[in-house]
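Asks: Use the sequences and the hints to build the structure in full.
So the sequence shown is numbered by the working numbering: it starts at 28 and just counts up by one.
Accuracy of the hints is not assured; some may be wrong.
Under the rule of at most 30 Å between Cα atoms (straight-line distance), these lysine-lysine pairs were calculated in the DSSO-like manner [what the hints assert, rightly or not]: (1) 54 x 67; (2) 201 x 48; (3) 178 x 203; (4) 201 x 172; (5) 176 x 67; (6) 176 x 203; (7) 49 x 67.
Just so you know, these hints were derived from the structure itself, not from any lab.
A quick note: this is a predicted structure, and the numbers were derived from the prediction, not measured.
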Amino acid sequence: MISYNEALQIILKNSAEKNIKKVSLLKSLNQVSASAVFSKINVPSFNNSAMDGFAIRSFYIENASAEYPVKLKIDNIIAAGENSTNYNLTGTVQIMTGALVPEEYDAVIPVEEVEVKDNIAIFKRPAKKNENIRFIGEDVGLNQKILSKEKQISAEDIMLLSATGISEVEVYTKPKVQIFSTGNEITDDYNAPLEGSKIYNSNSPFLISRALEEGLEVNYGGIISDNSENFKV
Numbered sequence: 028m029i030s031y032n033e034a035l036q037i038i039l040k041n042s043a044e045k046n047i048k049k050v051s052l053l054k055s056l057n058q059v060s061a062s063a064v065f066s067k068i069n070v071p072s073f074n075n076s077a078m079d080g081f082a083i084r085s086f087y088i089e090n091a092s093a094e095y096p097v098k099l100k101i102d103n104i105i106a107a108g109e110n111s112t113n114y115n116l117t118g119t120v121q122i123m124t125g126a127l128v129p130e131e132y133d134a135v136i137p138v139e140e141v142e143v144k145d146n147i148a149i150f151k152r153p154a155k156k157n158e159n160i161r162f163i164g165e166d167v168g169l170n171q172k173i174l175s176k177e178k179q180i181s182a183e184d185i186m187l188l189s190a191t192g193i194s195e196v197e198v199y200t201k202p203k204v205q206i207f208s209t210g211n212e213i214t215d216d217y218n219a220p221l222e223g224s225k226i227y228n229s230n231s232p233f234l235i236s237r238a239l240e241e242g243l244e245v246n247y248g249g250i251i252s253d254n255s256e257n258f259k260v
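Replies: Encoded structure:
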């Protein structure tokens, strides 16, 4: 029997050179990146609301309290994907999660904390400047590295790459693995009852599953009996 290190060296010596190809992001899971990837945009690319609420100028309600609430007219509703400019800076705008926060406003109060009556928003506490606003580049900055070279690509990597507008990545071609099981006592016939000293083959399903989990291309060669002639190349 040879050692683990000897076996590893034999495998490395006989492995094909790593080739590079481009694949769709949706087909890149568990594959290994062939180059580093840098973000081509800021994420988010605009200041947006972290929650449903009311965008306000914080100094308007700096003295607000439950005892002395501040009332502001609701000028408009800004939904995600809209770029509304129809608002009056003496009031407030209702805003949805992910919607662009107009530059004139510097805070968002959660909708649960605001009482609304007859198109009037009633604020019962002051706002902290920049409260509940996600700023440009807060998650990812322009030209920030978002995937390292020779990293196995995860679902989280795919989410981040997608968020920056990337649809393809360079990966190394999958290593090919041939798996055999050896032993006269092993059987792959899982539907048949065991006879004598036979045992079901559990190693091959495990190795195949682990290889697939690691992103390898697998071929199962079956069971080889305990005969040295079967191992000659």
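Asks: Starting from the hint list further up, note which numbers the structure goes against and sort them upward.
Replies: The structure breaks none of the hints.
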